[in-house]
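**Q** Please build the complete structure, drawing on both the sequences and the hints.
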Amino acid sequence: MPDVIVEKTSGSGNTILGFILGGVLVAVAIVGFFMWDNFKSHGGQGPAPVHVTVKPK
0 MPDVIVEKTS GSGNTILGFI LGGVLVAVAI VGFFMWDNFK SHGGQGPAPV
50 HVTVKPK
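At the far end of the sequence shown sits residue 56, using numbering that gives the first Met the number 0, and the numbering has no gaps.
These aren't lab readings, by the way, just hints derived from the structure by calculation.
Since this is a predicted model, take the numbers as computed values, not measurements.
From the three backbone atoms N, C-alpha and C, an ideal C-beta is built for every residue, glycine too.
Heads up, a few of these hints could be off.
[Unchecked claim] Computed spacing ranges between beta-carbons, pair by pair: (1) L24 to P46: 28 to 38 Å; (2) S40 to K7: 45 to 55 Å; (3) K7 to A28: 34 to 44 Å; (4) P48 to G12: 53 to 63 Å; (5) H41 to E6: 57 to 67 Å; (6) A28 to P48: 32 to 42 Å; (7) F38 to V5: 54 to 64 Å; (8) P46 to V25: 28 to 38 Å; (9) L24 to A47: 33 to 43 Å; (10) L20 to S40: 23 to 33 Å; (11) V27 to V3: 40 to 50 Å; (12) H50 to G21: 46 to 56 Å.
**A** Pasting the structure below:
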C-alpha cells in the first residue's frame, strides 16, 4: 500500500492581508463619521458670509 503524504499550506498571508484591509476599513469609517458629524453640526453649509457695511462721512 502506498504512503499518503498530506501537505498543509499556511494561509497566514491571506489572514494578515485581511487584518490590514479590515483596519483600513475601520479607519476610513471613523474618519468618515467625524467628517459627517462636523458637516451636520454646522448645518450643512459652507463658511458664514462676510458682511461689509460702508458708512459715509
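**Q** A separate judgement is required for each hint: does it hold in the structure or not?
**A** The hints, checked one at a time:
Judged by the Cβ atoms, the range 28 to 38 Å given for L24 and P46 holds: they are separated by roughly 32 Å. In this structure the supplied range 45 to 55 Å holds for S40 paired with K7, their Cβ-Cβ distance being about 53 Å. Between K7 and A28 the beta carbons are some 35 Å apart, a value that agrees with the proposed interval 34 to 44 Å. In this structure the supplied range 53 to 63 Å holds for P48 paired with G12, their Cβ-Cβ distance being about 55 Å.
Between H41 and E6 the beta carbons are some 60 Å apart, a value that agrees with the proposed interval 57 to 67 Å. Between A28 and P48 the C-beta distance comes to about 33 Å, which sits within the given range of 32 to 42 Å. Roughly 56 Å separates the CB atoms of F38 and V5, a value that falls within the hinted 54 to 64 Å. A hinted range of 28 to 38 Å for the beta carbons of P46 and V25 is consistent with their spacing of about 31 Å.
At roughly 35 Å, the beta carbons of L24 and A47 sit within the given window of 33 to 43 Å. For the pair L20 and S40, the supplied restraint of 23 to 33 Å holds, since their beta-carbon distance comes to about 30 Å. Against the hinted window of 40 to 50 Å, the Cβ-Cβ separation of V27 and V3 comes to about 47 Å, which satisfies the hint. At about 49 Å, the CB distance of H50 to G21 agrees with the hint of 46 to 56 Å.
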